[in-house]
Every structure is written in C-alpha cells, then in structure tokens.
Amino acid sequence: MKTIIHIIRKEFLQFKRDPKMFGIILIAPIIQLIFLGYAATLDLNTVHTIFYDQDKTTTSRNFIEEFKSSGFFQIDHYADNYEDVQTYIEKGKSLVAIVIPKDFEKKINRRETAQLQAIFNGSDGNSASIAAGYIAAITTTFSKQIVKDFIDVSGRKISTVGKISAEARVWYNPELKTRNFMVPAIVGLLVSIVTLILTSLAVVKEKEIGTLEQLIVTPIKPLQLIIGKLVPFLILGFVSVTIVIVAMNIIFGIHVRGSVVFLFFSSFLYILSTLGLGLFVSTVSKTQQQAMMIAIFAVMMPMIYLSGFAFPVENMPTIIQYISYAIPLKYFITIIRGVILKGNGFVQHWFDATMLLAMGILILFFSALRFRKRLE
Amino acid sequence: MNNIIEITSLQKSYGEIKAVNNISLSVNKGEMFGLVGPDGAGKTTMIRILCGLIIQKSGTVKILDKNLSQSRKEIQKNIGYLSQKFSLYGDLSVDENIEFFAEIHNVKDYFERRDELLEFSRLKSFRNRTAEKLSGGMKQKLALVCSLIHEPKILFLDEPTTGVDPVSRRDFWKILSKLLKDGITIFMSTPYLDEAERCNRVALMNAGKIIALDTPQKIKEKMDRQIIEIVCNPVRTAYRAIKKNTELEVQMFGDRINVVVENYSSELSSIKKILTENRVQITDERIIPPSLENVFMHLIKDSE
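Line by line, the protein sequences give chains A and B. To convert, note that position 54 of the first sequence is 54 in our numbering; the numbers rise steadily by one, no gaps. To convert, note that position 266 of the second sequence is 642 in our numbering; the numbers rise steadily by one, no gaps.
None of these hints come from the bench; they were simulated from the model. Hints may contain errors.
As the list claims (entries may be wrong) - With the Cβ distance kept under 7 Å, some of the chain A side facing chain B (calculated, not the full set): (1) K207; (2) T211; (3) Q214; (4) I216.
As the list claims (entries may be wrong) - Okay, derived cross-link-like pairs now, EDC-like style, lysine to aspartate or glutamate, Cα gap no bigger than 20 Å in a straight line: (5) K619(B) - E653(B); (6) K16(A) - D678(B); (7) K207(A) - E508(B); (8) K677(B) - D415(B); (9) K509(B) - D18(A); (10) K677(B) - E661(B); (11) K207(A) - D467(B); (12) K405(B) - E573(B); (13) K16(A) - D467(B); (14) K453(B) - E213(A); (15) K620(B) - D678(B); (16) K461(B) - D149(A); (17) K509(B) - E206(A); (18) K509(B) - E83(A); (19) K2(A) - E450(B); (20) K461(B) - D415(B); (21) K221(A) - E479(B); (22) K20(A) - E508(B); (23) K442(B) - E508(B); (24) K529(B) - D18(A); (25) K2(A) - D485(B); (26) K107(A) - D43(A); (27) K461(B) - E206(A); (28) K550(B) - E527(B).
Backbone N, C-alpha and C fix where the C-beta goes; we use that ideal spot for every residue, glycine too.
Let's have the full structure, built from the sequences with the hints guiding it.
The following block contains the structure:
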C-alpha cells in the first residue's frame with residue numbers, strides 16, 4: 001500500500017514539473033467546451049437564397065414576400081439567368097436557388113398546377129434537407145392561401161371540416177439546440193482523452209527512458225506498479241469532469257439536472273475501461289509517438305464515431321449497431337446526456353452503468369494481465 | 377555461502393540466436409566479477425536474467441542461496457541494478473530521484489546514506505538540479521547512487537562506463553572500490569579491457585559462451601605464445617600482408633600490429649621479410665608480454 005502511495009506521489013511530482021500537462025488537464029477541457037459548444041452546431045438559422053423570377057407577376061412577388069417574412073431566408077440575389085444561379089450555387093454563396101417559371105401566375109389563374117424549381121447545394125446534405133423542409137412548409141401555406149382566396153372569390157361557403165393539428169412540444173431541449181446535445185457529451189470525450197491517452201503515454205514514457213526496467217528490479221510488485229500508475233489518472237479524470245461540468249454551467253448555462261453523485265460514479269465506472277485501454281495501448285507500443293498514434297487512431301476515433309457522440313447509433317446499419325454495444329463510451333454518453341439533460345439517475349441507467357462496470361473490469365483485468373506478462 | 381551467485385547450465389535464445397548458451401559459473405561473495413566480450417556476446421542478456429528482467433529458457437540461477445525463479449522479489453530486495461542507459465526520472469531532481477528509489481525499497485532512514493553517497497559521488501552541489509540537466513557522467517553516477525540507496529548485497533552493472541567521460545569514469549571506479557571494501561559483491565559487464573583488468577575475476581564471453589574464466593593474471597599466464605609488436609606504416613597493408621602470406625594470428629592496434637607466434641627468434645625474420653616486400657616501413661619491433669586484449673583476441677579467434 002505504501003509503495004503505491006510513493007508511486008502516486010512521484011507521478012504528481014512529475015505532473016507539477018510538466019506545465020504542458022496542466023494545459024492538457026485544466027485548459028484543454030474549457031477550450032474544447034467552447035469550441036464544440038459554439039462551432040458544433042447543426043442548426044440552420046439562415047438560409048442563403050437566390051431567386052430567379054422569370055414570371056415577374058404579382059403572384060410571384062407575393063410568393064417571394066412569403067420567404068422574406070418567414071425569417072429563415074436571406075435573399076442574397078435576384079438572378080436574371082441560369083448562369084447567375086449556377087455561379088452562386090457553385091461558389092457556395094447560396095444554399096438554394098428558387099426558380100419561378102414564366103407562366104407561374106397564369107397557371108394558377110387557370111387552376112392548373114404551377115411548377116416551382118428549387119436547386120440545392122447538396123454538398124451539405126444536412127442543411128439542404130432542413131432548407132427543403134422550410135421551403136415545402138412555405139409553399140404549402142402559400143398554396144393553401146390560393147385555394148382559400150379562390151373559394152372566397154367564387155363566393156362559396158366553406159363547410160366546416162375536421163382537421164388535424166399537431167402541437168409539437170419538445171422536452172429536455174425545447175429550442176432543439178445542437179449545443180445542448182453536444183456539450184454534455186464532451187465530458188465523455190475529455191475523460192477519455194485524459195485517462196486513456198495520458199495513461200498510455202505515462203507508462204510508455206517509463207519504458208522509453210528505461211525507468212520501468214529499473215522499477216522491475218525493485219521489490220515492487222507488478223500490481224502495485226499498475227495501481228500506482230493508474231490512480232493519478234483516475235484522479236485527473238475526476239478533475240476534468242468537474243471542470244467541464246462547472247464550465248458548462250458558467251459558459252452555456254447547461255446545468256446537471258440529475259444526480260451529480262451518479263454522474264461521478266458512472267465516470268468512475270467508465271474510467272475503469274479507459275485506464276484499461278490506456279494500459280493495453282502501452283503494452284503494444286514501444287515509443288510515446290506510437291502510443292499516441294495507436295491511442296488516437298485505433299482506439300479513440302472509432303470509439304467516438306461509434307459512441308453516438310455526434311451520430312445517433314440508432315441510424316447506423318445493424319452490424320455497426322452491434323459493434324457499438326462493445327463501446328464503453330456509448331453507455332457513458334447515454335448516461336451523461338440522460339443525467340445532465342433529462343435529470344435521470346440510476347433507475348433509468350442501471351443497465352448502462354452495469355455494462356460500464358462489466359466492461360471496465362474485463363478490459364482492466366486483461367490489460368493488467370498482459371502488462372504483467374510483458375514485465376516478466 | 378561463499379558463492380553468492382551460482383549459475384548452472386543457463387540458456388536463453390532469441391529466435392535462432394543463442395544469446396546465452398549453456399553457461400555455468402559462480403561468483404564469490406565480495407568479489408568484483410567482470411563479464412567481458414565483444415558487442416552481441418550475450419553480456420546484457422546474462423545480467424538481465426540475473427536481475428530477473430527476463431526469464432531463462434533453462435538452467436538455474438541461485439542468488440544469495442535462493443532460487444531466482446522462485447523468490448525473485450525476495451532477491452530483488454537485496455540487489456542493485458544499473459543499466460546501460462541512464463534510466464532515471466529526468467524531470468525529478470537528484471534528491472527526489474534518490475528519495476523515490478529509497479521509498480520504493482522501503483528504506484526509511486535514507487537521509488544519512490543519501491548525503492554520504494552524494495558526497496562521495498561529488499553530486500552534492502547538484503542535489504536540487506533536475507536529473508535531465510546533469511552531464512552524462514553525473515547522470516550515470518546518480519543512477520549508481522540510486523541503485524545503492526537500499527544497501528544492496530550485490531550490484532549488477534551493465535557496461536556502466538560506456539559513453540562516460542574519463543573524469544567521471546575515475547570517480548565511478550573510486551565509488552566501486554569503496555563498495556568492495558564495504559563487502560558488496562559487484563557483477564559487471566564491460567567492453568573495456570582496462571576495466572576488466574581491475575576485476576578479481578573475469579569471464580570472457582563470446583557468442584553466448586564463456587571461453588575463459590579466471591583472474592586476469594592467470595588468464596594472461598595461460599597464453600603460451602609470444603607476441604611481437606611491430607610499429608609500422610601503413611599498418612593496414614602490414615596486417616593484410618601477414619594475413620595473406622602466413623598462418624599467423626595478427627592483431628591491429630592503431631599504429632602497430634601484434635603478431636602471435638610460437639617462437640620469436642625463428643619467425644621474426646620471415647615476418648620482417650614479408651613486410652619489406654610489401655613496402656611497409658618498420659619503425660620499431662619488440663617482444664611484449666601478452667595483454668589481456670591480446671589474450672582475448674587470441675581466444676576469441678581460437679573459439680571461432
């Protein structure tokens with residue numbers, strides 16, 4: 001036990017000597033939080049639009065007016081020809097070009113179906129489909145108005161008919177902000193970085209400079225060495241969770257609705273896996289560069305992609321979904337979002353927590369075994 | 377327990393290469409034992425096995441009357457190990473490094489010993505400097521101090537003075553002789569024969585085998601040949617000429633060659649004849665007592 005404390009103390013002494021380490025642990029979480037909070041937004045507030053009005057009639061102008069008043073569309077340009085349209089789309093100045101054909105008004109007056117062309121810059125598929133939704137909504141309202149006007153003009157009475165109106169009410173994230181979805185998950189991301197990458201680096205560093213060999217020739221037992229090397233990073237993991245939670249509240253006003261204790265408890269369960277993975281990475285790499293590359297590209301990246309951090313797991317192909325069950329980060333992010341946004345606790349997340357515990361013990365156990373074997 | 381280390385038919389191979397090939401030897405308590413040999417002879421592998429860093433394929437090692445495979449941790453409490461490269465925490469100070477190694481050995485009252493060791497190794501004035509800011513020689517001395525803080529009974533040194541400046545090397549040897557006086561057994565490997573000469577006993581290792589084991593003096597006496605030293609120019613031409621025209625063993629040293637002969641008087645004239653024929657200028661020629669280096673080169677050649 002005492003030996004373990006000596007190793008932990010030495011580890012912290014080394015942190016103190018390494019200012020870079022403090023940057024990674026204290027400042028990086030806040031910077032990440034700010035960047036991801038502001039930049040990682042999938043919301044579409046302004047649709048850059050150009051109109052090519054070939055009709056130039058009262059109806060077409062009224063139609064354009066509808067777009068202007070919707071608040072989502074910013075009309076950058078009124079084009080006179082298709083080349084203009086093409087340039088704007090090609091240069092990425094506009095997301096969508098709406099072309100009103102020549103006989104737009106005439107067709108409506110003749111009670112025929114008038115055509116409308118919307119050209120999208122589909123390179124950003126997500127924004128394009130959101131914009132298409134907005135356009136469809138405006139067009140529907142506009143054509144309803146035409147029908148209503150026609151009925152009014154023709155003097156017919158509208159018999160009352162039943163209609164369905166959907167009242168959408170969004171829970172947990174009423175403004176549907178991407179930020180509220182992303183920012184809590186950063187807790188998961190940072191904990192992974194601090195524990196997984198730094199652990200593997202710290203262990204490989206000892207291997208690289210030869211001190212690991214020196215330690216093996218002492219009465220230290222491998223298990224003591226493993227615990228002594230891992231505990232400091234467990235503590236750092238908690239520190240970064242705390243920093244992110246506080247910063248999240250101060251900067252974005254997102255506070256933890258559920259139990260903070262449960263959040264920390266599940267962080268602990270999750271850190272078991274990342275420490276194990278870090279230890280594993282250290283057993284397969286000879287240098288710190290190798291460890292860094294393996295930790296980032298072979299472990300972190302796939303873990304992030306498959307965890308539902310940015311892309312919902314439910315939308316992935318079935319096989320990938322099965323693979324994601326083996327990703328500890330997936331369970332942790334589910335818990336974080338649940339606890340922070342929904343105010344959930346152990347009752348809702350007992351399964352995720354159990355999975356984390358099981359995976360953590362399994363990964364840590366096998367990595368420790370492998371590490372021990374390597375030492376001997 | 378006179379034999380503090382007892383090695384019996386030790387074997388270890390890496391793939392096809394037999395790094396340690398059936399070695400048996402014993403080390404007496406309190407002696408300085410040197411393992412000498414060219415690079416790749418298996419010296420480091422030997423020491424790493426003895427320290428419990430790697431496990432042998434077969435054979436037994438008994439250290440301090442305990443079997444290494446069974447009581448590794450028990451033995452490791454009583455040994456110190458200094459590896460080839462400087463392996464300390466560069467970001468910790470001299471004092472902190474010593475402190476850490478004392479603590480993990482569960483040494484509590486190390487302060488006095490630390491000061492004494494620092495004093496002796498002339499590192500005292502650098503005690504608050506971080507280890508990475510020390511010179512190469514000082515680093516190696518610090519590593520030695522760290523491996524001595526728990527008062528080990530046996531000290532294993534793997535080429536401790538390779539790449540260390542002459543002044544630090546002398547300091548280093550001064551520390552070692554003091555340790556010997558204190559009764560510590562030292563097992564060291566070295567590529568330097570002047571260092572081997574200072575050992576109580578040396579083992580010459582080549583290609584995983586021990587080809588000679590005795591006191592330096594006795595090893596030299598075993599050489600039943602004579603050595604002719606010829607200072608000449610160009611040395612390389614001389615070396616090649618003798619190799620080509622005779623069956624004699626010839627060794628090249630800087631500005632001279634040493635030729636191993638059975639009988640000085642009968643062979644000198646023919647050697648000189650060959651050299652003059654090859655337009656080699658002879659500045660000096662004499663018969664010398666065989667040095668350890670001569671003997672080792674001779675023995676290595678014989679064993680191959």
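Structure-based check of each hint:
Restraint check, K207(A) versus chain B: the minimum CB separation of about 10 Å is more than 7 Å; hint violated. Residue-level restraint check for T211(A) holds (minimum Cβ-Cβ distance to chain B is 5 Å; threshold 7 Å). Interface restraint check for Q214(A): the shortest CB-CB distance to chain B comes to about 5 Å, inside 7 Å, so the restraint holds. Given hint, I216(A) at the interface with chain B, holds; its Cβ is 6 Å from that chain's nearest Cβ, closer than 7 Å.
Of the supplied pair hints, the one linking K619(B) and E653(B) holds, its CA atoms being roughly 14 Å apart against a limit of 20 Å. At most 20 Å may separate the alpha-carbon atoms for a hinted pair to count; K16(A) and D678(B) exceed this at roughly 57 Å. Distance hint between K207(A) and E508(B) is fulfilled; the C-alpha atoms sit about 16 Å from each other, no more than 20 Å. Under the criterion of a C-alpha separation no larger than 20 Å, the hint pairing K677(B) with D415(B) is consistent with the structure, at around 15 Å.
Taken as a hint, the K509(B) and D18(A) pair is honoured in the structure, with Cα atoms around 15 Å apart against an allowance of 20 Å. A distance of roughly 24 Å separates the Cα atoms of K677(B) and E661(B); the hinted pair therefore is violated under the 20 Å criterion. Between K207(A) and D467(B) the alpha-carbon distance is near 15 Å, which keeps this suggested pair within the 20 Å criterion. Between the alpha carbons of K405(B) and E573(B) the distance comes to roughly 19 Å, so the proposed pair stays at or under 20 Å and holds.
Pair hint K16(A) plus D467(B) holds up; C-alpha atoms about 9 Å apart against a cutoff of 20 Å. As the CA atoms of K453(B) and E213(A) are separated by approximately 15 Å, the hinted pair is consistent with the 20 Å bound. At most 20 Å may separate the alpha-carbon atoms for a hinted pair to count; K620(B) and D678(B) meet this at roughly 18 Å. For the hint linking K461(B) to D149(A), the alpha-carbon distance of about 91 Å lies beyond 20 Å, and the restraint is violated.
Between K509(B) and E206(A) the alpha-carbon distance is near 18 Å, which keeps this suggested pair within the 20 Å criterion. For the hint linking K509(B) to E83(A), the alpha-carbon distance of about 68 Å lies beyond 20 Å, and the restraint is violated. In summary, the hint linking K2(A) to E450(B) is supported, as the alpha carbons are separated by about 18 Å, within the 20 Å threshold. The suggested pairing of K461(B) with D415(B) holds, with an alpha-carbon distance near 15 Å, which does not exceed 20 Å.
Using a Cα cut-off of 20 Å, the hinted pair K221(A) and E479(B) holds, with the two alpha carbons roughly 14 Å apart. In summary, the hint linking K20(A) to E508(B) is supported, as the alpha carbons are separated by about 17 Å, within the 20 Å threshold. Restraint check for K442(B) and E508(B): the C-alpha separation of about 37 Å exceeds 20 Å, so the hint is violated. Between the alpha carbons of K529(B) and D18(A) the distance comes to roughly 36 Å, so the proposed pair goes past 20 Å and is violated.
Pair hint K2(A) plus D485(B) holds up; C-alpha atoms about 15 Å apart against a cutoff of 20 Å. Of the supplied pair hints, the one linking K107(A) and D43(A) is violated, its CA atoms being roughly 36 Å apart against a limit of 20 Å. With a C-alpha separation of about 13 Å, the suggested pair K461(B) and E206(A) falls inside the 20 Å cut-off, and the hint holds. Simply put, K550(B) and E527(B) have alpha-carbon atoms about 17 Å apart, close enough for the 20 Å limit, and the pair holds.
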